[in-house]
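Visitor: As they're listed, the protein sequences go chains A and B. Count along the first sequence from 1, then add 18; that gives the number in my numbering. Count along the second sequence from 1, then add 3; that gives the number in my numbering.
Rather than coming from a laboratory, the hints here were simulated on the basis of the structure. Fair warning: this is a prediction, and the values are worked out from it, not measured in the lab. Be aware that one or more of the hints could be misleading.
[As the list claims (entries may be wrong)] In the DSBU-like style, the derived pairs of lysine-lysine whose C-alpha atoms are separated by at most 35 Å in a straight line are:
(1) A:K98 - B:K103
(2) B:K103 - B:K80
(3) B:K80 - A:K97
(4) B:K80 - B:K63
(5) B:K71 - B:K55
(6) B:K63 - B:K103
Chain residues, written in single-letter form:
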Amino acid sequence: SQTIHQWPATLVQPVGSPLSLECTVEGTSNPNLYWYRQAAGRGLQLLFYSVGIGQISSEVPQNLSASRPQDRQFILSSKKLLLSDSGFYLCAWNWEGRGPEAFFGQGTRLTVV
Amino acid sequence: GDSVTQMEGPVTLSEEAFLTINCTYTATGYPSLFWYVQYPGEGLQLLLKATKADDKGSNKGFEATYRKETTSFHLEKGSVQVSDSAVYFCALTLRVVRGKLQFGAGTQVVVTP
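So that you can see chain A by itself, here it is in the shape it has in the complex:
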């Protein structure tokens, strides 16, 4: 069966520190992968998506970057965190043969202090 794993669940990081959030999926090949951010009291903002290894599309300019080193791995990174990077980060995916919807991981709560 198809599953998605996202970690860590919570993270508290100081301003200026680096960030690495990881998302892995199982059960299918060549999925489409997504990173969303949900700021406090706000909706979901699509940050990055990937349709294949090494293929990254950025939706909004920001302090973050994404990489896809393996087919089923999607990483969200920052070299130096800002206070405004705080939020709830969600990985999502879709795979060949599914409908048009996306399926979400459990999310990472990031607090930058």
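Since the structure of chain A is already known, use the hints to place chain B on it.
Guide: Chain B in isolation, oriented as in the chain A frame:
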């Protein structure tokens, strides 16, 4: 561009009351439409979907009908329970990139005993 507008919350209801959350969209083509639900501290779960005009999506007592003429996809439930307390997101995709969704701002629903 494409967008989703949903009613602001919070919506506070008593148990067994009727729930309606309005959602309208703007899209250049013929989107697929979704409702997702987010329980506190969790990721998003797909609640229901409709992929073409006049389709009705339904799940767990919730329903929504894809109305092309009014560009709407309102969510309804006849008798809510305390366990329905959550944030509800309306979303669309034009299916250009499988799983790439545009979300509304979300509506918080609070059901009291």
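Visitor: Take the hints in turn and mark each one as holding or not.
Guide: Hints and how they fare:
1. A:K98 - B:K103: At roughly 28 Å apart (the allowed maximum being 35 Å), K103 (chain B) and K98 (chain A) satisfy the hint.
2. B:K103 - B:K80: Distance ~27 Å between K103 (chain B) and K80 (chain B) Cα, so the pair holds.
3. B:K80 - A:K97: Violated, at roughly 46 Å.
4. B:K80 - B:K63: holds (9 Å)
5. B:K71 - B:K55: holds (8 Å)
6. B:K63 - B:K103: Holds - the C-alpha atoms of K103 (chain B) and K63 (chain B) are around 25 Å apart, at most 35 Å.
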